[in-house]
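If you count the sequence shown from 1, position 220 lands on 220 in the working numbering, and the numbers rise without skipping.
I should point out that these hints are in silico values taken from the structure, not numbers from a laboratory. A portion of the hints provided could be inaccurate.
[Claimed, not checked] Mimicking BS3-like on lysine-lysine, the simulated pairs with C-alpha atoms at most 30 Å apart in a straight line are:
| no. | residue 1 | residue 2 |
| --- | --- | --- |
| 1 | K312 | K357 |
| 2 | K312 | K375 |
| 3 | K375 | K244 |
| 4 | K357 | K375 |
| 5 | K357 | K244 |
| 6 | K138 | K244 |
[To be verified] The following label-pair restraints were derived from C-beta to C-beta distances:
| no. | residue 1 | residue 2 | range |
| --- | --- | --- | --- |
| 7 | P30 | R208 | 17 to 25 Å |
| 8 | L300 | D265 | 21 to 29 Å |
| 9 | D185 | S158 | 54 to 62 Å |
| 10 | G267 | N309 | 23 to 31 Å |
| 11 | G323 | M351 | 41 to 49 Å |
| 12 | V24 | N309 | 40 to 48 Å |
Even glycine gets a Cβ: it sits at the ideal position worked out from N, Cα and C.
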Amino acid sequence: MAKRTPKPRVVEPSRAQGVIRFEVPEDTLPPDHPARVLDRVIGTLDLSGFTSDARAVEGEAGRSILSPRMKLTLWLYGISRGIGSAREIARLTRGDDAFRWIVGDLEVSHHTLSAFRVGHEQALDQLMADVLAGLMHKGLLSLELVAQDGTRVRASASAPSFRTYGSLQECRRQAELHLKAVLADADNPDRTRAQQVAREAAARDLQRRVAEAIETVTALRAERGPAADFPRASTTDSDARVMKMPDGGFRPGYNVQLAVAGSEDGGPRTVVGLRVTNVGSDMGSITPMLADIERRTGELPEVHLADANHAKHACIEAAERSGVEVVMAVPRRTGPLEDASPEVASWRERMATEEAKRLYRARAGLVELLNARFKTRFGIDRVLVRGLPKVRCVVLLAGLAFNLMQNADRILR
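Sequences are here, hints too, so could you generate the full structure?
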């Protein structure tokens, strides 16, 4: 008689059984977790700029605002992990331990996060200056050596959205007709009031974007003159410009200029200057960058490194007269030395020395490495917002995230 094989005893999941869980968010992360570190560092900073226009104040009626410290920590920690989407961060606050720890018992929507990211440019700019001032006060930041470089990032606009003046005029007529049609259909019983409001808002937004593109094209025509090619502007993002990207292609984008202080021997690096423009060339960007560094830190660099794409003689002359020693590669095509100004001649003679060549080799490790890190680790290879002010906010957040993560231990000492 065959031996009977026992039936395996298997426990199947019961999904109808109620479960009570007790959880303390404070116990979910180790003490040295980056989210905790960022929260502690941000807690040492003055965040009053983020609540200066708050209408809900103590003793008055109104809904309380969500903690700026919490929202700023969410964004900085998200950027440090390469997450630049408000929707993704809002989703992670419901499932990821670190993001859940940051929000604690609060809930935050992606609408709130999006509005916070682009609605506080002045507060973010002041916070960057405060961080740099704190580092300089503690003797942790020196401007002996600063390197500058620009990198192009993709804009949130497509190439077909760029149109000439005549095409934009037709777009304006179409946008006006569309708005009239939406308003005429306001009593449609198949739509809710919320749906109708959303349709009207979208129609008015299209009209606004087309008008901004027309203004941009008009300004470009006046700037370039009648002999230039027909300028075009985007109906998606009128501030974006088609520029040459690092891969050699031409796409809508922005030029992000960074100035990084550090040592040629390595060690911590700190972003001390940050500018966003819609000019595809780096030429002429040294003077405004030096002004930005001085505005943020109150000082000018002793040595300023840049590649040959920045070699505008007017910038070199202004820097040298301000006491800044420019160390920058000499372009292959340049005029005779005897025709140059004293400042330009001094720069070209300096670049023939071994000392200048040694200093110049530090440029790539200081700033080009950070440009690559912004794109690969911080998700700034393409911006998801539209318009120069909003793009500046995104890049400011990335700069803050880098500075705080680099210097957190030294700030907290």
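- prompt: Given the hinted pair K357 and K375, is their alpha-carbon gap at most 30 Å?
  reply: Distance ~28 Å between K357 and K375 Cα, so the pair holds.
Consistency of beta-carbon spacing, N309 to G267, with hint 23 to 31 Å: 27 Å, holds
task: Take the C-alpha atoms of K357 and K244, compute the straight-line distance between them, and say whether it is at most 30 Å.
output: Since the Cα atoms of K357 and K244 sit roughly 28 Å apart, the hinted pair holds (cutoff 30 Å).
- prompt: Is it true that L300 and D265 lie within 21 to 29 Å of each other by Cβ?
  reply: 22 Å, holds
field: Hint check for R208 and P30 - Cβ pair distance inside 17 to 25 Å
entry: Violated - the Cβ-Cβ distance for P30 and R208, about 48 Å, lies outside 17 to 25 Å.
field: Holds or violated: K138 to K244, with C-alpha atoms at most 30 Å apart
entry: Outside the cut-off at roughly 41 Å; violated.
query: Is the Cα-Cα distance between K375 and K244 30 Å or less?
result: It holds: about 16 Å lies between the C-alpha atoms, which stays within 30 Å.
message: If I claimed the Cβ atoms of G323 and M351 lie 41 to 49 Å apart, would that claim hold in this structure?
response: 18 Å, violated
- prompt: Is it true that the C-beta distance of V24 to N309 lies inside 40 to 48 Å, as the hint says?
  reply: 54 Å, violated
message: Need the status of pair K312, K357: alpha-carbon distance at most 30 Å?
response: With Cα atoms ~19 Å apart, K312 and K357 stay inside 30 Å; holds.
message: Can you confirm whether the C-alpha distance between K312 and K375 stays at or below 30 Å?
response: 27 Å, holds
- prompt: Within 54 to 62 Å or not, the Cβ separation of D185 and S158?
  reply: 28 Å, violated
Checked against the numbered hints given earlier, the structure breaks hints 6, 7, 9, 11 and 12 and satisfies all the rest.
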